[in-house]
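**Q** Position 259, counted from 1, in the sequence shown is what my numbering calls 277; the numbers after and before it change by one each time, with no gaps.
Hints in this document: simulated from the structure, not taken from any laboratory. None of these values were measured; they are calculated from a predicted model. All C-beta atoms in this analysis are idealised placements derived from N, C-alpha and C, irrespective of residue type, glycine included. One or more hints might be untrue.
Claimed, not checked - Distance ranges between label pairs, derived from CB positions:
1) E178 <-> M301: 23 to 31 Å
2) D34 <-> A246: 53 to 61 Å
3) A98 <-> M23: 34 to 42 Å
4) Y67 <-> I91: 28 to 36 Å
5) E283 <-> K171: 35 to 43 Å
6) A246 <-> K351: 52 to 60 Å
7) I176 <-> E281: 30 to 38 Å
8) A246 <-> A55: 53 to 61 Å
9) I176 <-> A55: 28 to 36 Å
10) A296 <-> D101: 52 to 60 Å
11) A128 <-> D34: 28 to 36 Å
12) I176 <-> D101: 36 to 44 Å
13) K351 <-> D245: 22 to 30 Å
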Amino acid sequence: MGRAMADVQRMCGSFDAPETLPKFENTVRLTGRLPVATARGYAREVAAYTHGLGRWAVLPAGYDACHNAEEVITAVGYDADADVENPADSVFCAHGAGYLVKWDEVPARAHVSGGLERRLNGGSAAEETDAEDSADTRRRRAAAYRGTLEQDKELLAIFERTYGKIRRRGETGDAKKAARAALHTAPAAASVPAKPVSTGPDYLLVDGYNVIFAWDELRRLADGNLDAARRRLMDILCNYAGYKRCVPILVFDAYKVRGGTREVEQYHNLYVVYTREAETADMYIERATHELAKEHRTRVVSSDGAEQIIVMGHGALRVSARAFEEEVKAVEKEIREFLEE
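All chains, please: the whole structure from these sequences, using the hints.
**A** Below is the structure:
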């Protein structure tokens, strides 16, 4: 047995404590793991030093970390960067476009852990699943926040390319010119009063079908019954608006309905608008935002990029469908905690 244990260690393997078989008092079993490359031909050695009394049995146990990786790579002479037929790099996606990530940078930039490190360290499957779920939730929230900031920058850049650079009040292009102008400018006789802050309610405009097909829950529901998905969204907005004390306006497209006229119905505290023929939800929201944003704080929920640019130009705040879903879940959690108290 001592010879076998020494040989397993020499072959870069590992083993458990030897155990005596209950039915055979003089028979001891040694169970372990070792690389196939180092164990070739060892069956003949076992037969030789046990004089035919020892048995050698092996079963495949999957893959493990290579014990001499550097030697193997050097002997093969493989260069991952030069292998264009079988590239080792990965393709990641962000904002609808793919980009390459070098093979050695993937673990640091991956959103989801593969779990290999935990399995090698002896972690259980349940612990691995719980840890991945918690990490995934944190990553999704962080990615949603970062994505919103990046989208804001992209939308601002598009807006400035379309309508020109946004200048703050009193901002000039040349600091020296501004300083000279300040020296030769008399003080104003009277300051212009600031625009009074609206004390009325906030308005929330929601592009109905854009949200339905952006949320997983509503999209699955719409696959079987679109009307049920609409009703579910209406109930969600009623609860949200009641808690946030805002005026919600839910807009659905009806522009393909021939002869259709605009219909507005009130569902509890929610106003539901069905657009008329040849009028999209985007068109209605743009016009409504232009009027409401003059006197009220207005938010628009839509992931339509062109619509977001227009409503930002009208002075409204834009919220993507995904970000609004996270906001609704947070509100529903607060409502549940309040009711449980």
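**Q** State the violated hints by number, sorted upward, taking the hints as numbered earlier in the document.
**A** Numbers 6, 9 - these are the hints that the structure violates, sorted from lowest upward.
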